[in-house]
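Protein sequences, first through last, are from chains A and B. Going letter by letter, the first sequence gives residues 36 to 140 in this note's numbering. Going letter by letter, the second sequence gives residues 2 to 284 in this note's numbering.
None of these hints come from the bench; they were simulated from the model. Just to be clear, a hint being listed does not mean it is correct.
Simulated coverage check for chain B against chain A, where a stretch passes if three residues somewhere in it have a Cβ under 8 Å from a Cβ of chain A [to be verified]:
id, stretch
1, 83-89
2, 118-130
3, 151-158
4, 259-271
Glycine included, each C-beta is placed from N, C-alpha and C at the ideal position.
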Amino acid sequence: MVDKSKIKVPKATPQDLTRLPIKLPKITIDHNKCTVPFWCKKCLQVCPQLVFQCYCKHLEKLRESDPRQPGIYEVIAVRRDKCHICNKCVEMCPENAITITLEEA
Amino acid sequence: MCHYCDMWGDGTIWYLNPKNYARHMYTLPKEAKPGATKAVGEADPAGYINLERAMVDALERGPEEYEKAIKFARDMVDMTQGSVGGWMGQVVPLRDAERMAEISNPLGLIACICRKAMLGIEERCPENMTCMGLGVGMLKWERWPERYKGGVHWLSIEETKQWLRDLDTKGFVHSLMMFGPRFIGGICNCDYPACDALTMRLDHGFNMLKGHHVAMVDYDLCNGCGICVQRCQFGALKMNVTLDKANIDQMRCFGCGLCETACPRKAISLKERSKIPSLQEVW
Chain A
36 MVDKSKIKVP KATPQDLTRL PIKLPKITID HNKCTVPFWC KKCLQVCPQL
86 VFQCYCKHLE KLRESDPRQP GIYEVIAVRR DKCHICNKCV EMCPENAITI
136 TLEEA
Chain B
2 MCHYCDMWGD GTIWYLNPKN YARHMYTLPK EAKPGATKAV GEADPAGYIN
52 LERAMVDALE RGPEEYEKAI KFARDMVDMT QGSVGGWMGQ VVPLRDAERM
102 AEISNPLGLI ACICRKAMLG IEERCPENMT CMGLGVGMLK WERWPERYKG
152 GVHWLSIEET KQWLRDLDTK GFVHSLMMFG PRFIGGICNC DYPACDALTM
202 RLDHGFNMLK GHHVAMVDYD LCNGCGICVQ RCQFGALKMN VTLDKANIDQ
252 MRCFGCGLCE TACPRKAISL KERSKIPSLQ EVW
């Protein structure tokens, strides 16, 4: 058995820490309006920076999920640091569920 | 030699050691403890996304909080995947990916889950069948059918190599994936913004180790055609306008070998990282 404490693990090289903290746009998605995101997925397709991610919320053993069933999938804004507020997702959303705000620093 | 070679290599590169492909996966499912929502290691549908979201949220709160979020993510990955230091993948060049296909069995292709999540590509789309599964984990499909929804495309060794070469021609970076301690379970073929693992590495600095090679340009052979420049996913390859030749920043090079396979004049070659003193510790 190898002693893990003696192994030299590479260090992380994260983003430029001198720039932090930074102000990121706040993206809210109304999940009451957006019920079938993987069936619609217009925001995923239109975003040039891939800010959104869609995942299966109710993962069940031994069963496939149906993307047309409401509430199974959920879309969330993950990479907000990449968003440059082009508002394409806001214009494209058929349910008007997305709002983007940028607070003053 | 990376730290996984030290631990699990047995004197060779760790992903060429057949021991790292063997694991008994057909254990009986563990009973959940009373009160616990999920057993450790069980798939949490939003687990990985929440780690990424926590890191992005920490950018707003300052450098200390950001480093704390990264440390938490590394610890979580270590706990659930059995990795060390949060590194659960490594970039491999095409030739090593082909050798990996010779070691493990069975081999199959499934739909890429990153591209499904980021771009909304359906599982049944044939262009999305790029996630190459190695080993007995591929037989686990009936337990989580959601992950294997588009079906499994089973491959022989020769077919796997052909698929890898085709994906390489398209311009996808190959990287191995760990699923649990000392178990290599797949080859990811993806590109920068769509692949969650590559994005985590390039934006937040963890999750994916650099490969065991770095690319070098032979200036006598390079004629500056620029075919390789569009292949680099890591921002290491630029056109040196003054000389009209390709130029590789070796501190940024991940050793994926896409530039090598694209070069029509064989001007780019892969050198071993361990033979270059200044790059030995750059992972």
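Run the structure past the numbered hints and jot down the numbers of the failing ones, going up.
The structure conflicts with hints 3, 4, although it agrees with all the remaining ones.
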